[in-house]
Amino acid sequence: MSELFLLSKAQMARISPCFPLSHGVPRVDDRRVVSGIIYVIRNGLQWKDAPKAYGPHKTLYNRFVRWSALGVFDRIFQNLASQGPKPDRIMIDSTHLKAHRTAASLLKKGGSPRRIGRTKGGLNSKLHAVTDQDGRPVALLLTEGQMSDHTGAKILYPTLPDAEALIADKGYDSDEFRDALHAKGIEPCIPSKSNRTVSIPYDVSLYRQRSKIEIMFGRLKDWRRIAMRYDRCAHTFFSAICLAATVIFWL
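Quick note on numbering: the numbering used here labels position 220 of the sequence shown as 260, and the sequence is numbered without any gaps.
Calculated directly from the structure, the hints in this document are not laboratory data. Just so we're clear, the structure is a prediction, and the values are computed from it rather than from any experiment. Keep in mind that a hint or two might mislead.
[Claimed, not checked] Just the calculated beta-carbon pair ranges, DEER-fashion:
| no. | residue 1 | residue 2 | range |
| --- | --- | --- | --- |
| 1 | Lys194 | Thr159 | 43 to 53 Å |
| 2 | Asp89 | Leu246 | 23 to 33 Å |
| 3 | Ser214 | Ser56 | 21 to 31 Å |
| 4 | Ser56 | His190 | 34 to 44 Å |
| 5 | Ala267 | Lys49 | 40 to 50 Å |
| 6 | Ser48 | Asn235 | 21 to 31 Å |
| 7 | Leu110 | Lys49 | 22 to 32 Å |
| 8 | Pro66 | Asp215 | 26 to 36 Å |
| 9 | Lys49 | Val105 | 50 to 60 Å |
| 10 | Glu254 | Ala223 | 40 to 50 Å |
| 11 | Ala223 | Asp89 | 30 to 40 Å |
| 12 | Gly111 | Asp89 | 37 to 47 Å |
[To be verified] 27 Å max Cα-Cα, derived DSS-like pairs, lysine-lysine:
| no. | residue 1 | residue 2 |
| --- | --- | --- |
| 13 | Lys194 | Lys252 |
| 14 | Lys224 | Lys210 |
| 15 | Lys252 | Lys98 |
| 16 | Lys252 | Lys88 |
| 17 | Lys233 | Lys210 |
| 18 | Lys126 | Lys233 |
| 19 | Lys194 | Lys261 |
| 20 | Lys126 | Lys252 |
| 21 | Lys160 | Lys224 |
| 22 | Lys49 | Lys92 |
| 23 | Lys92 | Lys160 |
| 24 | Lys160 | Lys194 |
| 25 | Lys224 | Lys261 |
| 26 | Lys160 | Lys261 |
Where is the CB? At the ideal position from N, CA and C, for every residue including glycine.
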């Protein structure tokens, strides 16, 4: 187990309050199982290929699917992100995550949405994110790949933390979004689109810090089951994203 990933006791103490209570037969060691789930997602393995040191692979898979449906990993991310310091500046952006053909198969009529769309790049999902000034995610949203950045920003708007400024690219340039930010006391740092009659000035030096959110997306995509989506269910894929964001940025 020394050569494999293992959460520390301090890290487990921070996330264990979000675990559901055990009923009846005591659960298998949470630390070992959650570490095994992280190992599989980070390395892009099939569940059956998980190292034996983590225990039966069916235990890892069943725990991940069951806790994903309960929103456990989403709550862990939200809980730890909310404990961070109040950001002076925030950033918003999105990225596409390619979907493997198996992720879009066997679509059931009337089932929950898969959050998979078709764009010029093929089948994919879109991850929208809000980060603090250090590039640590504080809010995440998974949508179909064809959803516009502006629509995603509308959905994320209620979750925006109080900040002095918001940095975004020109895909978020609209009078509606700018007015909404001003209503929250947030100064937009957004370049104007080319079709604006009169360009709106912005802080160029501040805008250069937007690279931090691009770096954040790159670090998430280093986890192979994030860069390529194999999960059919949107909630399991989003749980994997929340788990990766938690381990990389908040633990």
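Against the structure, the hints come out as follows:
no.	hint	result
1	Lys194 x Thr159: 43 to 53 Å	violated, 20 Å
2	Asp89 x Leu246: 23 to 33 Å	violated, 45 Å
3	Ser214 x Ser56: 21 to 31 Å	violated, 43 Å
4	Ser56 x His190: 34 to 44 Å	holds, 39 Å
5	Ala267 x Lys49: 40 to 50 Å	violated, 30 Å
6	Ser48 x Asn235: 21 to 31 Å	violated, 52 Å
7	Leu110 x Lys49: 22 to 32 Å	holds, 24 Å
8	Pro66 x Asp215: 26 to 36 Å	violated, 57 Å
9	Lys49 x Val105: 50 to 60 Å	violated, 26 Å
10	Glu254 x Ala223: 40 to 50 Å	violated, 28 Å
11	Ala223 x Asp89: 30 to 40 Å	violated, 50 Å
12	Gly111 x Asp89: 37 to 47 Å	violated, 27 Å
13	Lys194 x Lys252	holds, 22 Å
14	Lys224 x Lys210	holds, 20 Å
15	Lys252 x Lys98	violated, 37 Å
16	Lys252 x Lys88	violated, 36 Å
17	Lys233 x Lys210	holds, 6 Å
18	Lys126 x Lys233	violated, 30 Å
19	Lys194 x Lys261	holds, 25 Å
20	Lys126 x Lys252	holds, 17 Å
21	Lys160 x Lys224	violated, 36 Å
22	Lys49 x Lys92	holds, 21 Å
23	Lys92 x Lys160	violated, 41 Å
24	Lys160 x Lys194	holds, 24 Å
25	Lys224 x Lys261	violated, 32 Å
26	Lys160 x Lys261	holds, 20 Å
Of the numbered hints listed earlier, those contradicted by the structure are 1, 2, 3, 5, 6, 8, 9, 10, 11, 12, 15, 16, 18, 21, 23 and 25.
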